[in-house]
Each structure stands twice: as C-alpha cells, then as structure tokens.
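Colleague: Residues per chain are reported as follows:
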Amino acid sequence: MMSKSRIIKTLLQIVVLIGLLLAPYYLSSYNLSLLGRFLAYAILALGLSLVWGQGGILCLGQGVFFGLGAYALALHLKLAGLGPTDLPDFMVWSGLSNLPWWWKLFHSAAFSFAAVILIPALAAGGLSWLVFRRRVGGVYFALITQALALAFSTLLISEQGYTGGFNGLTDFSTLLGYTVLDPKFQRALYWITVVVLAASFWFLEWLLASNFGKILRAIRDGENRVRFLGYNPVPFKALVFAIGGALAGLSGALFTLHAGVISPANVGVVPSIEMIAWVAVGGRASLVGAVAGTLLVNFGKDWVSNAMPSLWPFVMGLLFVLVVTVVPKGLSGLWDRDSWDWLSRAISRWRSGGQPPASVSSGRNVEHVKKAVGIDVAATPLSEDETR
Amino acid sequence: MSEPLRQASSQSPGQPPSQALLRVENLTVSFDGFKAVDGMNLTIQRNQVRVLIGPNGAGKSTLLDAIIGHVRPSGGRVILKGEDVTHLPEHKIVRKGICRKFQAPGVLEGLTVWENLAVAARSSREWWSSLTHRTPADVRELVEEVIEMINLQDKRNSLAKVLAHGQKQWLEIGMVVASKADLLLLDEPAAGMSHGEAAQTADLIRRLSDWHSFLVIDHDMGFVAQLEAPITVLHLGRLLMEGTLEEVRRDPQVAAVYLGREAEKPNAGH
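So the sequence lines, in the order shown, correspond to chains A and B.
Start counting the first sequence at 1; every next residue gets the next number (this note's numbering).
Start counting the second sequence at 1; every next residue gets the next number (this note's numbering).
For reference, chain B alone in the conformation it holds in the complex:
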C-alpha cells in the first residue's frame, strides 16, 4: 500500500493515543415507542476491526444508521474523535470521518467504475469545487490504487450497472475506502459473495485495518472467523456480550438467543 492510502489514516499527532475513535454512549433509537436500539454502549479504537452480530431485528443496522445520522437517536450520544456528532447532518458526519457501505449494494449505476471511485475520493465535497473538468492528481492516484485493490482494473470504464453482484459489493467497499474515512461501517459486505470472494474481502479488511477502523455486520460466521476480530453481540437492541469468537461460541446466553433460529445459529460456518 503506498502513499495516498497511508495518508488516509490522518492520525493527528496532537491527539492523545488513548482517545477512542468512536464512542457510542447510552444510545437509544425508538420507532413509535419500540426501542430498536436500547441504551447501547460501544467503543472503537483506532485501527481496530469490530464485528457486530445478532439475530434478525437485534438492531445492528439501526445502530449503524444512528451512528451515521440516517436515523436520529431519541437518547444518548455518538462521539467521534472526542467530538459530539449526534445531531449533525449526515454529510457533515461523513466529512468528520465515517463512511458506510449499505446492505444492498449502493453503487452509482450511471457512472463508470472509475467515476464511482473518483466521486468517493474527492477531498472537497462542496459543489463549487466540482465546477471543473480536472481530477486532482492525488485523487487519480488513490482511485488507481483502490481499483487495483478491488480487482476491477478491466472494468474501469464500464458503467457500474453492468457489474455482477459481487463486483458491485467490492466497488462499494472500494468507494468507502476511497473516502479516506477513519471509521468504515460495513453492513454485510460479504453478502452474495462466493466463499473465495468472501475470504478475499476478509483479507482486505484485515490489511486495511492498518489505516482504518472497521465496524462490520455479518451473519456468516465463516466470514466473521476470518476477520479475527473482537465480536459484539446485540440482542433486542442491547449489548448481550463482547468477546472473541471462541468466547461468543461458548457463551450460553448467546446460544439461548440464537436457539429456535436454527438458520442463523452461529455454528462453524462453511
């Protein structure tokens, strides 16, 4: 990985190393009285990969939504790099350094692969700075690097809508990486991927954790195991437990939560 991605980490030297990248404090999201997320606490350090699992309806996606401002919490705070971002507009939260990949691939279909990445990689996101035909050299360099990383070199000039599903997933992961955000939220990044592709994705996330922190939601325990990361289990909008994959597997509470939901039971995976 060469210069542009390395710069992406933007580890400000002035900051105390002990300061967490993201702190979610007592976060609550309710929909008409139903608490989808209920007093959730979560801390993510720099360059850390964290996996979020839990049965359907546990509030995983809603937690990500609340962190990035897609839904507004009814209580609690989201602190990014020591700054309260709970009530900022979405695009401002993103500019502070969080970027998210949604569950359904959200690539920009009418743009080429290269343009998708270039839109994500632009360092100024104000409209007036876009009134030019020039792509800055640092953006071009970063796009080239990401395009190689996600293996879409041959498709650089193809419209994103002609990509296969797995390629769209990779393109969106690439866009999130190209945004140079400190914290990347990935909602089921390996969904619809073959085992080989999922393994490559896990490998990619591990390698990129030198520059970014990750919060990853996934159901596939095989994929989760490959991330080799601490796991947070959510149930009914609350934190059930945190621990390593082994601890989570042995935990009787977790087993009870997944019981009766045979299809999602965290077994050995594939």
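So here's chain A without its partners, still in its complex pose:
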C-alpha cells in the first residue's frame, strides 16, 4: 500500500518527466541544447546528493569522475571519425606515429560505453575504500579529492600527445553510425539524457528507502555508533562513493555529446567546486533539490554571463554564502519549517528592541524551545508520567 503523499509525489514526478520529454516541442533549440546539457549535469548532482547529502562524504573532486566518463566516450568518438590507420590530429602534431595501446581499446563502442560507467565507478570505489579503511574522512577526505582534481586536470594538460592537452578532445562526427551534428541525433540525445536522469533518480530513491539507505544515514549521523552495532561502515561508504562516481561518469559522457567537446577546463578544481554549489543551493539531502539546484544555478550562470560575463563568479560566490548562512538545507529546505527559524528569531528580536527572544515561535518540539531559551535540557529531568 502506498501512502497518499507517496502517490502525489510519484504523480508529480511523472508530470515533470512528461514535461521534460515534451520540451523539444516547446523550447527554442538554443534553450533545448542548454537544458540537455544541464540535465546531464543533474545526473552528477544526484550522485553528489547521495554521497554528500545522505552519506555525509564531502567530495571536492567530482570533476575527476565526470572527466573519466567524458574522456572514455570522447576517445571512442575521436576514433570513430577516423579511418582505420589514421591518427587523431593532435597526436600527429605531438609527433606520435602509433596509436597508444590503451587508445585502441576504445575502437569498440561496447567497451567504451562500459568504460563510461565502470572506470569512474572503480576509480571512485577503489580510492574511497583505501582512504576510508584508514579511517580518514571529513575535511581530510575532501582535501584529498580536491588534490586529485588538480592532479587530474594537470595530467590531462601535460600529456598533450595522449589527451589533446589544454584544448581537450573535440571535432566529433559519428557515433554508432549516426551523425552527431544531425538535429535528429541531438533530439534523441536529449531524450536519452532525460531517461537516464529519471532512471538514476528512481534508482537512488529505491536505494535510499532500502535498509541500505537507512544504514547509510545512520553512518552519516554516528559512524562510531553504527560500527559499535557490528556494522563495518567502510563498504557502505565506498559503495556509495562508487555509485556517485558512476553517475558522474554517465553525466560526463552525455555532457561530451551535448557540448561536442571535453577539455581539462570542465573537470578541474573550479568545476568540481561549482558542482558542490549546485547541490548546496538545491538542498544536498534532497534528490529533487539536487536536480533543481543544478538547473537553477546553470541557467542563472547562462543568463548572468550573457548580460555581464565578468559578473558570474561574484553572483555564484554570493549565492553560496547566502545558502550556507541562511538556508543551510538549500532551497528544498525552505519546505521545512525549521529553515525559517532565523527569520522568526530576527523578527522577535526586532520587536523586543534588540533583546534576545523569549521563545522561538516556530520551535516545534520542547527540547528545541528549551535549548533556544537556555534551559539545560540534560539537567531537566522528565516527570515520571512522561516516560511511564
């Protein structure tokens, strides 16, 4: 039996899905191409919401896994447009005479498609397993991933002959025999993106509602408590990080097809931090929030950059500061009454002429109110009839 709110939620999701699927019939081609690209980003954001919002693992290097998926497909796209003995143009410029052996693997479309998911998933799972096994987490893990993003983009730039260097990989022509620039292909690509996003969304909803999801939230709230209930938190966290990596890889591959290019500028430190901002703005613990935040920030970026190109970094920074200080739960947290506490506190402070408020009007539970008015809850014993 599904509850009423669950049915309404599912219906809303289906309505939004249909709205997105019909977008090619009511959006201009410019906006549609933007939307497709941003929906591809949203797949990565779903993964971040899982990893950060539900798992409590802050990753400042999600661009690495995005890049692994993107380059895996870009290698194939590059080869698909060439004759059997031709070399990609940048290899010729770099003086290479033979295709490196690991490039040859990407002649196969099946291998490349599998690599789009498996390489980032294995990289993310393996790395995080090694780190979490050593009981390293929190800020240190965030710094490790940040360093990884820097190392990854530096490596891509420095190995020009193998990766296309600073310019990245572009000039794609065909995929599975279809012409990439054909409007029909672009439209199909948009629909594929929507379907992959919806499938990822529902998969994560299923995962988070399972016992696995509960234990994951338990680990986020009290890793030691869970460990001392007999669970090993390491495989839970590493698996979640691997799923986040796989979604980032899918996102990167779809982005590459939408944008027609992938370069180190899309995968380094700055893009990785922007990815965190999408999810923070939308609300990191909410899957819907992650998707909405991604679309909002990216359309905002497009709009601000068109009006005034140099303004965007400032708007982004301001937005991030506002979210962190005012609505730490992000936009999806606005539905939560707790998020308005700061406002009701500010109003009552203003009314009482700068004095601290006597009570918090929106405090919903006793402990909350007691805390706000300075009663030490621990020292206030319950009356017996409250527990009996």
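Simulated from the structure, these hints should not be mistaken for lab results.
A few of these clues could be false.
Derived DSS-like pairs (lysine-lysine); straight-line CA-CA distance at most 25 angstroms [unchecked claim]: (1) B:K161 x A:K329; (2) A:K329 x A:K301; (3) B:K96 x A:K4.
Since the structure of chain A is provided, determine the placement of chain B on it from the hints.
Modeller: Just chain B, lined up with the frame of chain A:
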C-alpha cells in the same frame, strides 16, 4: 518477555557451564606512557550483572573501550566465550556478542526510534544483505518488544533527535538490548535521568539479566544499590577490590581513595 528476547541469550548447549562469558587477563592500556588501565583482571559469568565504580580517571571507560576494541591494549588479553578477541576490528568484536552504550547518548538522530532499533536488531550486518526494503519478521517482533520495554511506543515514528535526554538514554539502552549481544556494556546509563527513570532502568537491567550479562559503570550509588550486583572498584587503572555494596562501603581503602573527592564519595546516595 517472549520468544525473541529469550532466544537472544544464545546459550550454546555444547559449552561447559563453567566457562566464563568474558575474561579480561592482565589488560594494560597506556597513552604515551601513562597507564590508564594497568594489569586489570576481570571475569564476568553468564547472566551476571557487574558494576564498575571508581573515582574520575580510574580507567573505567578506558577498560570498556579496550574490551570493545575502541582503544587497543598494549598488553594482556580479552577472552570472549573462550575466544581471544583482543585484536579483532570493533565491528567483529561486536558481532561476537558484546555491545556497548556510550556515556553520551549516541542515538542515530536522522532515523526514527523504530529505525534506530531496527538497525540495531538486524541479524546480518553485511552491506549486501541490506539492499532490500523488507524488515524480517523476527527483527520486527524484537523491535516491537524492545520499544514496549523502553516505553517509547508513542514515539516510534519520531526522529531520534527530537527525543528528550532521558528518552535518548533509554533508546540507546534499547538498541544495545536489541543487538542481542550476550554482554552489554553500559557506560553511565542513568546519567541525566530522574530518580524514577533511574529506578526503572535498574529494574530493567535486573530483569534482562536472565538473558544478558551486564557490565555497568555508574557514579550514582543510589542507582548502583538498586542493581543489587557485585561491585568492582577501580583506582589508577588497577583493581582495588571486589565485593558487595556493603563490603565496598566499609572498606577503608575505598574510603581513602574517595577522600578529598567529596562529591563522588560513595555515600548512601539519594
């Protein structure tokens, strides 16, 4: 108490009844040369309640930490049901049958009361067995029973973070019980509770001792008296004495240890 809790005791019929549940042998824990626990010996039989007291810094919590693997001893052994568990990872020690309630309530705040207990009560703690939405019937039954035992029936769907302090303490005790461990380590279970709640907690521990053994740390001698259990006194990481509450009260050594620490002097309690 009905079936699930009764099964919890897992008294293997093959074991000789004389075998101790837990033996701590010559256990030493040192932090940078300072010996927080110094050559400690302790034996706990099945279905026994044991109380651990001692002044601040006597090494009570550190002893519990070392038993459950939270800190690693520099010497000595911890034997559970005849098996050396001294160097196992924490979660494996727990799976062998020891569960601990920490001093500060460590409930899982983002989960409901029911979910907290269900996470504790799951019999398989491997990640792959959690990839399902189903809660096994035996887990549901056990959770219902524990939830009734700790009197949180009305709060079953509340998030643990909205509970009052005493209720959080009870929830965590409930989680430890739901884990079906043979030996439950309780670090100041009655801290922050009213006298009535503390009495209920003591009563609960006495009743549950038919199925579990307990090692309880507490400062409150009133609460300790209600447990009606043998007492082990720790001082400077060493065993000072073992005995009944009366013996401990009369002992001149114990009095000397507590002298100058008026606030913690084991008096008649409340």
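Colleague: Could you work out which of the previously given hints the structure breaks and list their numbers from low to high?
Modeller: 3
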